[in-house]
Amino acid sequence: MKKLINDPQNVVAEALLGIEAAHPHLRVDHEHKIVYRGDGPRRGKVGIISGGGSGHEPLHGGFVGLGMLDAACAGEVFTSPVPDQMLAATKLVDGGAGVLHVVKNYTGDVMNFEMAAELAEAEGGAKVLSVITNDDVAVQDSTWTAGRRGVGVTVLLEKIAGAAAEQGRSLEQVADIARKVNADGRSMGVALTSCTVPAAGKPTFELGEDEMELGVGIHGEPGRRRLPLATAGEIAELLVEPILADLPFAGGDTVICFVNGLGGTPLIELYVMYHEVNRILNAHGVQVARSLVGPYITSLDMAGSSVTLLKVDDELLSLWDAPVNTPALRWGV
Amino acid sequence: MKKLINDPQNVVAEALLGIEAAHPHLRVDHEHKIVYRGDGPRRGKVGIISGGGSGHEPLHGGFVGLGMLDAACAGEVFTSPVPDQMLAATKLVDGGAGVLHVVKNYTGDVMNFEMAAELAEAEGGAKVLSVITNDDVAVQDSTWTAGRRGVGVTVLLEKIAGAAAEQGRSLEQVADIARKVNADGRSMGVALTSCTVPAAGKPTFELGEDEMELGVGIHGEPGRRRLPLATAGEIAELLVEPILADLPFAGGDTVICFVNGLGGTPLIELYVMYHEVNRILNAHGVQVARSLVGPYITSLDMAGSSVTLLKVDDELLSLWDAPVNTPALRWGV
Amino acid sequence: MNDTVSTAALDEWMRTFARLVAENKEALTDLDAAIGDGDHGENMDRGMRAAVQALDDTRPSTASALFNKVGMTLISTVGGASGPLFGTLFLRIGAALGDTSEVSLSQLATALHAGLDGIVARGKAEAGDKTIYDALAPAVQALETAATDGAHTADALRAALAAAENGRDATTPMLARKGRASYLGERSVGHQDPGATSIALLIAAATPAPA
Amino acid sequence: MNDTVSTAALDEWMRTFARLVAENKEALTDLDAAIGDGDHGENMDRGMRAAVQALDDTRPSTASALFNKVGMTLISTVGGASGPLFGTLFLRIGAALGDTSEVSLSQLATALHAGLDGIVARGKAEAGDKTIYDALAPAVQALETAATDGAHTADALRAALAAAENGRDATTPMLARKGRASYLGERSVGHQDPGATSIALLIAAATPAPA
Ligand SMILES: Nc1ncnc2c1ncn2[C@@H]1O[C@H](COP(=O)(O)OP(=O)(O)O)[C@@H](O)[C@H]1O
Ligand SMILES: Nc1ncnc2c1ncn2[C@@H]1O[C@H](COP(=O)(O)OP(=O)(O)O)[C@@H](O)[C@H]1O
Ligand SMILES: [Mg+2]
Ligand SMILES: [Mg+2]
Ligand SMILES: [Mg+2]
Ligand SMILES: [Mg+2]
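Chains as they are written, first to last, in our numbering: chain A, 14 to 346; chain B, 14 to 346; chain C, 424 to 634; chain D, 424 to 634.
Treat the hints as calculated values from the structure; they're not laboratory data.
Errors might be hidden in some of the hints.
To be verified - Calculated cross-link-like contacts (lysine-lysine; reagent style BS3-like; alpha-carbon spacing at most 27 Å): (1) B:Lys215 <-> A:Lys15; (2) B:Lys140 <-> A:Lys15; (3) A:Lys215 <-> B:Lys15.
To be verified - Pairwise CB distance ranges (calculated): (4) A:His43 <-> B:Asp334: 25 to 31 Å; (5) B:Asp334 <-> D:Glu446: 52 to 58 Å; (6) B:Arg239 <-> C:Gln476: 42 to 48 Å.
Built from N, CA and C at the ideal position, the CB exists for glycine as well.
Extracted from the complex, chain A is given alone in its bound form (with noise of 0.2 Å):
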């Protein structure tokens, strides 16, 4: 295992002291392992928190600042984190309008963050919604599993409710914003090879010198099929047809695609995807009205890449458009 670390056990505790001291518009309250705006909380204006499993920087904590995430909770590496967490930061941020929880769709997050909230509502504390990401269609989504993953949407809708609620929105109109996000949006992922868990000292899968893992979850866990590697070409063809046909998306739908990197990939190659997949979707007559291209959910020090759509209307693009101030997306400020 080559990381730059020092103790694996302390990489959590120690990347948000990174964190804390290269951004000093951010706080960290380091017992409960919280990742929060300096400025809040806002009298009126509903919190948005999230948090899970560390591993996947810049999610969450990347992405608390103005426009976007008022905390985010950092769970130990692929591990959701307690409930303490999130009631620490639900308080942290509640200015009186209510706080959103955005969760991912892992059976031990969901678990953690409905504690939480139920640990909020027992002290009479802040009124808090719950929005749960699902957006992966590597997996079924059926009664028979714990459903689709939560992955790239996530940014996506963190962004889009975050603009909401910097716009004064109410806590029941976040949610919806939110919900509707994750209702239009997809993704689906491909792993080169496996992330190494720092504790574990070794890589999560084996994947042979020409394989590759189609549909990977972004802590390791298998996808669809394993393949023999390909071209880029064929990959995103791999990735974003399953995407299409889920929605469905269809012709004339406008989209955000999202070429997101899963943190050993360097930037050169996601841009060949990137055009792969504009390809794609131009063949299919689905418009790209905006783009978001980097390592923005990642696996570690996974190879690989992920897709994911959503479809907007002229109010998604210009919540997606409006001001936002974190460390991992800013702009309009």
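With the hints as your guide, set chains B, C and D with the ligands onto chain A.
Then chains B, C and D with the ligands, alone, in the frame of chain A:
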């Protein structure tokens, strides 16, 4: 070799197609492999171009836009572009106030940019000045070598000179600011793994499972020493101390602190590194005024990091803070 | 355990469970690596070490205080799926037992049933989903039957352990329908469920060696 | 080559050089991998293939047009250090030869000297820096001596080739002071310079087989 590409020979051309599709405010001259601003040239504004071998993305194409570069020339992977490209870019961005060439100090880059400048002069076109970055303290700076390599300072210089040009300063003034940035900035890097050039198909160098290359170059050039893999804290010392000693930086100095990822290292590790770097600077009484953490000047898929420190005064800081709107750096707009 | 169980014995149960988890940490993690994300041993061990520490620090004197402390500690330190599930299990057991310091077999059976209900409320698992349910439900059933039959506590626990271990073993051929393992679909078949394995350790920790 | 050299023979020289570069592409790259960045063979081959294509397309009829075309093509297609250096070499040779179509030995020697000067002006290399200079300078020297001595062109070229190959071999023990290899310091010692190796191929391409 596991890469998201099609033909190894076409990586640069296809990545440029991706950049063009993803960033509507940029244009691409595919014949000359130039990324340039869609809103340029602006009359009376000094044009700034840079360029170099590809494989360092987002450098340089990702830094084209308002407040930074006017155009970037993409060479083959790790190979300097040819003079025709810089000549064409010079013409593209010439708004009548002259053009600055930002050149990283490698023999090939220096000579090819030099020829382009001579050709521009011979054609009686734009007045051209060149600034060479040579900030890598891992290389001995003497007449007995090709001199220090240009690395991380290039990113900071392009931002700061770009802001100066946007203010309407003269070519000489912009070149002076650029030279000042280069004079007051120093860098050093470490590789945990080699990069793999697509056309070569195999790692550029071999590094044992417990080794790291200290002082590595961004093309996988060998560094000062090969050492046993160390902790982030130890590595930070090995990078920062030679940098501090070299200028020398002193207690009371104010710096921009840039912790860069080399392409294969995920953000969580860069934040662990940032924490360690910041700790060392604090111990030396060096004040960090601004920070930049992320993969901004990469070496394909190399795992590793580099540290750049730039001594700043109020003027440099206000130029750093000025609005910028590029794919990779954006704020204030 | 004796025919009524003292708070001290319940405390000992939790400490023994912590020891068994620590001893089986790698095995639990290996089971989870095969069909999950390879952290179940780490998760349970982190939680139970913290729980024992909390018991040392607070020395609760009633059954409800004891299980409350264990449950809250697990919830606050584990995360993942097992934190809320095992945490809820112990919280519900504590609530069911109340401020007593001597627990009868039928009280214990009722309390564990309440814990099982809490797990179902939280995780929506059903029989055959390849989860902790599949080891815990048969164990509870065995305890209740024994209590109804007027069995000795020790015998009842031995029956419960046998049921839990059977239930655990029965997860191997199951196709997972809950938790991370469900992503694997057919490929989850043939692997023993890590959470069910922890449940068998929990019951084992309460069970006296065969007479 | 004969005692005066026709444009056709010069054209053949460039094509032979292109062929030798192609044949030695991997060897040149391997030399560069050891002390540089492993692209010298690729660079020279890309450039000379383009140069031959340009000659096919334009069929230049004078020495200056021929070398101009080769030089400009190298500059426009190679990049890196060798593009400007080899490009300048041929541009200067072309300029020195002018619009002639028959070139004498002393004209050739003078032109190559001009090319060498161009390389020095561009790259600032000195003898012993472990660069193309170390193969080219002795070759030019040998040509000039032969011309002064009134030698036959073929003999002069054989002498130049011997000098270039000696110069190339002499780069092995040198410590690099220019180009990427200079970053290696002491570790550059013991490796033959790739650029000097290409120069030896260039002279070999002009040299008739021994009589
Ligand atoms: N919905 C559920 N109901 C009951 N048990 C569950 C459920 N989901 C998962 N489990 C149990 O949790 C165990 C995994 O726990 P653990 O590895 O600690 O958490 P995570 O899956 O979050 O990494 C599984 O083996 C299974 O027994
Ligand atoms: N300043 C210089 N003067 C003369 N020759 C040089 C100089 N710098 C480098 N070279 C030559 O260039 C060769 C390397 O060429 P090449 O690999 O094509 O370019 P790059 O180093 O840019 O990858 C070296 O072997 C050396 O002979
Ligand atoms: Mg887990
Ligand atoms: Mg090169
Ligand atoms: Mg697990
Ligand atoms: Mg080279």
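For this session: Can you let me know if the beta-carbon spacing of His43 (chain A) and Asp334 (chain B) is within 25 to 31 Å?
Result: Given about 29 Å between the Cβ atoms, the range holds.
Exercise. Given a hinted range of 52 to 58 Å, is it respected by the beta-carbon distance of Asp334 (chain B) and Glu446 (chain D)?
Worked result: Hint holds: Cβ distance 57 Å, inside 52 to 58 Å.
Exercise. Does the structure keep Lys215 (chain A) and Lys15 (chain B) at a Cα separation of 27 Å or less?
Worked result: holds (19 Å)
Exercise. Given the hint that Lys215 (chain B) pairs with Lys15 (chain A), does the C-alpha gap stay at or below 27 Å?
Worked result: Within the cut-off at roughly 19 Å; holds.
For this session: For the range 42 to 48 Å, tell me whether the beta carbons of Arg239 (chain B) and Gln476 (chain C) fit it or not.
Result: For Gln476 (chain C) against Arg239 (chain B), whose Cβ atoms are near 44 Å apart, the range 42 to 48 Å holds.
Exercise. Hey, Lys140 (chain B) versus Lys15 (chain A), does the alpha-carbon distance stay inside 27 Å?
Worked result: violated (48 Å)
The structure shown violates just one earlier hint, number 2.
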